[in-house]
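K.L.:
Once you have looked at the hints, place chains S and Y on chain D.
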Amino acid sequence: MTTPLLLRFVSEARDLLQFAASGLLALERNPRDEAAINDVFRSVHTLKGSVGLFDFPAFTKLVHAGEDVLSAVRAGQLPISSEIVDLLLDALDQFGAWLDDIEGRRGLSDGADGLSRDLTAALRALLPDDFGAAATTARSAGELASVDWLPDISEAERLEAFRAATSGSQLLAIEYSPAEDCFFSGEDPVNLFRQVRPLYGLIIEPREPWPAPEAFDPYRCVLRFRALTAAPRAEVEGLFRYVIEQISVVPVGPETLIAVAGEPNGGPVYGDFVADALALLAASDWEGLRRSVSALHELTGRHLFVASALRWLEAVLGAPAPDSGWVGALIDCIAQGSSVPVPPCNSGISTTPATKQPHSVTGPLARLSALARDILDGQRVILEMAAESTTFASRLTAVGCTAANVLRGVVRQSDLEAWGSAVEASLADGTPVAALAELERLLNASTGAPSEVTAADALRPEPTGTQTQEQRQAPARVLKVDQAKVDALMNLIGELVVSKNSLPFLAKRAEEVHGSREMGREIKDVYGVIDRLAQDMQAAIMAVRMLPVSEVLDRFPRLVRDVARKLGKRVELVIEGEETAADKNIIEMLGDPLLHIIRNSLDHGIEMPEEREATGKPPDASVRIKAFQEGDQVVIEVADDGRGIDPERIRAVAVAKGLIDEERASRLTDQEAVNLVFAAGFSTAAKVSDLSGRGVGMDVVVTTVEKAGGSVSLTSVKGQGTSVRLGLPLSMAVTRVMMVEAAGGNLFGIPMDQIAETVRIARGQVRRIKQAETFVLRNAVVPLVRLDRLLGVEPPLWFGDADQEEAVLVVRIGGSLTGLVVDHFREGMDIILKPFDGILSDISGYAGTALLGDGRVLLVLNLKELL
Amino acid sequence: MTKPAIPIKAPRVLVVDDGITMRLYYRTVLEAAGFVVEEATNGVEGYEKALAQRFDLLIVDINMPKMDGYSMLRAIRRDAAVQGVPALTISTEAGQADAIKAYESGANYYLVKPVAPETLTDVARLMTGSGV
Amino acid sequence: MPIRFGKNSVVLDGACAVEEALPLLEYLQAHPRAKVTMRGCTQMHTAVFMVLVGIRPPIASLPDEAFMKRWFAPALKGEQA
Chain D
1 MTTPLLLRFV SEARDLLQFA ASGLLALERN PRDEAAINDV FRSVHTLKGS VGLFDFPAFT
61 KLVHAGEDVL SAVRAGQLPI SSEIVDLLLD ALDQFGAWLD DIEGRRGLSD GADGLSRDLT
121 AALRALLPDD FGAAATTARS AGELASVDWL PDISEAERLE AFRAATSGSQ LLAIEYSPAE
181 DCFFSGEDPV NLFRQVRPLY GLIIEPREPW PAPEAFDPYR CVLRFRALTA APRAEVEGLF
241 RYVIEQISVV PVGPETLIAV AGEPNGGPVY GDFVADALAL LAASDWEGLR RSVSALHELT
301 GRHLFVASAL RWLEAVLGAP APDSGWVGAL IDCIAQGSSV PVPPCNSGIS TTPATKQPHS
361 VTGPLARLSA LARDILDGQR VILEMAAEST TFASRLTAVG CTAANVLRGV VRQSDLEAWG
421 SAVEASLADG TPVAALAELE RLLNASTGAP SEVTAADALR PEPTGTQTQE QRQAPARVLK
481 VDQAKVDALM NLIGELVVSK NSLPFLAKRA EEVHGSREMG REIKDVYGVI DRLAQDMQAA
541 IMAVRMLPVS EVLDRFPRLV RDVARKLGKR VELVIEGEET AADKNIIEML GDPLLHIIRN
601 SLDHGIEMPE EREATGKPPD ASVRIKAFQE GDQVVIEVAD DGRGIDPERI RAVAVAKGLI
661 DEERASRLTD QEAVNLVFAA GFSTAAKVSD LSGRGVGMDV VVTTVEKAGG SVSLTSVKGQ
721 GTSVRLGLPL SMAVTRVMMV EAAGGNLFGI PMDQIAETVR IARGQVRRIK QAETFVLRNA
781 VVPLVRLDRL LGVEPPLWFG DADQEEAVLV VRIGGSLTGL VVDHFREGMD IILKPFDGIL
841 SDISGYAGTA LLGDGRVLLV LNLKELL
Chain S
1 MTKPAIPIKA PRVLVVDDGI TMRLYYRTVL EAAGFVVEEA TNGVEGYEKA LAQRFDLLIV
61 DINMPKMDGY SMLRAIRRDA AVQGVPALTI STEAGQADAI KAYESGANYY LVKPVAPETL
121 TDVARLMTGS GV
Chain Y
1 MPIRFGKNSV VLDGACAVEE ALPLLEYLQA HPRAKVTMRG CTQMHTAVFM VLVGIRPPIA
61 SLPDEAFMKR WFAPALKGEQ A
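Residue numbers (our numbering), protein chains in the order written: chain D, 1 to 867; chain S, 1 to 132; chain Y, 1 to 81.
Calculated directly from the structure, the hints in this document are not laboratory data.
One should not assume that every hint holds.
Said to hold, decoys possible - List time: in silico SDA-like cross-link candidates among lysine to any residue, alpha-carbon distance up to 20 Å:
| id | chain 1 | residue 1 | chain 2 | residue 2 |
| --- | --- | --- | --- | --- |
| 1 | D | Lys566 | Y | Gly6 |
| 2 | Y | Lys69 | D | Leu199 |
| 3 | Y | Lys77 | D | Ala212 |
| 4 | Y | Lys69 | D | Arg197 |
Excised from the complex, chain D in its bound form (with noise of 0.2 Å):
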């Protein structure tokens, strides 16, 4: 989606460029044209729009404030002039470069924040004080923060930036005071500062007094950070790109961090020193006032004051070319033996208490129920300022027909029909007054707690009659009960496709019993229309069923954004086929996998910007999406370039977990090494990150991909590059499982996908290991179990002849396989699987039920759990 969008929001905004460009000249000839200001108004105006629609932060901030000083231009509160065409123009000129960069590179070029800023002040320095609410917002480039917190960074600290700042470095002054609800936004301010460097002095502080132990909010971020660097100006904007009116920027003369401190312990030797080191400054000696200045500092105690000063004179002097100014001004320091005053912090604080309450999480059925009641009381506010309008009857319609959509699914119907009649008798009597009641108790009706819903409640169809005292139905539960539409559809065509299946038998019967083979064939014809059109129906449901998988891949280019600003790295996100659809069940499992397997790429594969420069690589990223059909799979590929998986340490880290032995671990492929990192407790990572971390490996992906009926593989290249590949069936609805006989007669079903052959052994050949059984397959030796015992019935003793067979069902579980003893196979079908639920849910070992074509019920195993 972004791609086009993007390339829409280039041309389009060019023309609007070019638009506004020539309403801005034909102004600048004639103040009084109004229709040219409001033609580079709208232009201004939609840029704003659009551009809003991506993350170029700069460049929004930078419309807005052109937006702002055009719309005071068009209310008369600013007269045009020159300058303000100029700068007008600067920045749509800067807007022409930036489209150039989006096009070229799809982002805006360095150094974007702080030219944005500029101009961006340099605007709103021209609006009039009075100028709306959000221009006060931003800090000007040019409004200077005190910068009186500098003596707060401890002495050594200072010394070093300002040898730094001495030998030729620009220092600046960083103070950032976060928005309270930073956290929210997914800001974790203090480690940006890991990325300043270097970092002469960091000082956190509250903003305010902490509040009592118990009022603590932890997600209000109520910190401020200072901090002294020398890391040039566009870096650091760079960095603090999104939070950049939340910053100033000053530059600092090394002056200012001179601040002599210490206890005022005096002694006699220090007249002579001040009479030597005039003398030494007066004949620009600097040599030899080093030389003085060290002899000194060496018998004195590095607490006291006059300690203090020596190290800034030795500072001082260190330069290339020492400034005397400060020089006699630190001998001053040592004559006169008073401290330089250093302001003591922590006064000025106000004294306001923390009075907010801690956030509380919510959840998209939180949020969308609150989006709800937004709506209806939007309703409200409409209905009671329409009363005298002559439109009455029309907006009162429009507000019964939204209102109604809203409620739909959310109460009950005889509150939507209550609200219908409301609406009526407020139509007939021309007063909002019934209505208005009405949506006041719903409104009112719907703070109260949510109601209990068991689940036959929420299974009842809605009554049509005029019953008040119905369950409520919970919040936002019109999603859901569409779906359980859309699957009972799905079971009921499910249970056609089976029932046909029993028209072959009846062929059979028709031939065999009743020895007529005419009709036979006919019933065989009729099975083959029947047949045709329940697979057309079926895939025509299933179609109901078909989301995009952009439903679940439309969160990932925000989230490898902030992860990716986080970690410092520089990703860019492609994604291709968002518009490949799948199994709504199979959409909804996808989520999670994606969200690991990308956090893991950003995490461990893709390097900093510096280690992929030093190894040719583009500083930039690529972390590649991709969705596409093959056969019945739908199929989503993850690929980066990142530094690849390397088989040597895969290895080693295995053997060193204790999951393999040496000796297996060398004869393992580079393939099979890279593959075990789906191994369950396997973790490359040496140390647990905050994003992928948590100990929780790939073996999580595999296990929610498998049991959607997928899989996942892996293709890493060292240097190069991973690949994850997920193969996931387009619907999860029909399984295809074999019948097996077993515990005496009962019939039950296996995945088909789990097994691997089914074979007849003697039982001659069947070993005993102990107490284990096992038999021989292609030279491997596989363990043999039971169903019988695994289902908790004794199997049947047999005596004599070891030539008798077993029914054996060979079945593949994580990669290994197990014999499985049954009584009789079966035939294989395909079932529409129903889970357990109610009572039964808790029944481990079981997948669920399906119903056969002949009425009987067909137990499901899950062999995962009963193995």
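P.N.:
Below, chains S and Y without anything else, positioned relative to chain D:
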């Protein structure tokens, strides 16, 4: 008339916005969610389309050439032929006054640009009463 | 778990993410004298850090990790200049 039939067909949305990027965005998001989307590029065209065809929801930008969103909605609410269709305005103005003005002109809800895809689909689903 | 809560001590280990802040706060509220060991902590989300500087529990050890060792120590130990 206040009990709209449960939409059997996909709900139809008319998007009125002069920005071609915004229209493509709305179309992409809403179509992915199962809506049928029609476009109009200004208030006049929007008004004409809303008269000519049945829609389950109007999504209207405010600042547009020829006829702005407010005027378009007022015209629609005056017209007996299209009364009752829920309308949503989406503009870049976030103030309380802008919301009131939207409500006064006949909107049933308003959102502020940029609108996240999930918000847009949630609101459209709620306002059309559809579980698409 | 990056945070392990003991009877009267809490250990921060590895990378402590934003979601750890609330459990940590609740633990420190309930155990005001619990000591905090951070030696093995490699990264700490701002929210977690804020809980520590806001509540000021007794510190058993600071993180060994260089960035935190250098810059978090003054705030954690209460040595604001």
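K.L.:
Now tell me if each hint is right for this structure.
P.N.:
For each hint, the structure was consulted:
For the given pair, lysine 566/D sits about 30 Å from glycine 6/Y by alpha-carbon distance, which is inconsistent with the 20 Å threshold. Straight-line distance between C-alpha atoms of lysine 69/Y and leucine 199/D comes to about 14 Å, which keeps the hinted pair within the 20 Å bound. For the suggested pair lysine 77/Y and alanine 212/D, the alpha carbons sit about 18 Å apart, so the restraint of at most 20 Å is met. This hinted pair checks out: lysine 69/Y and arginine 197/D have alpha carbons roughly 16 Å apart, not beyond 20 Å.
The earlier numbered hint that this structure contradicts is number 1, and it is the only one.
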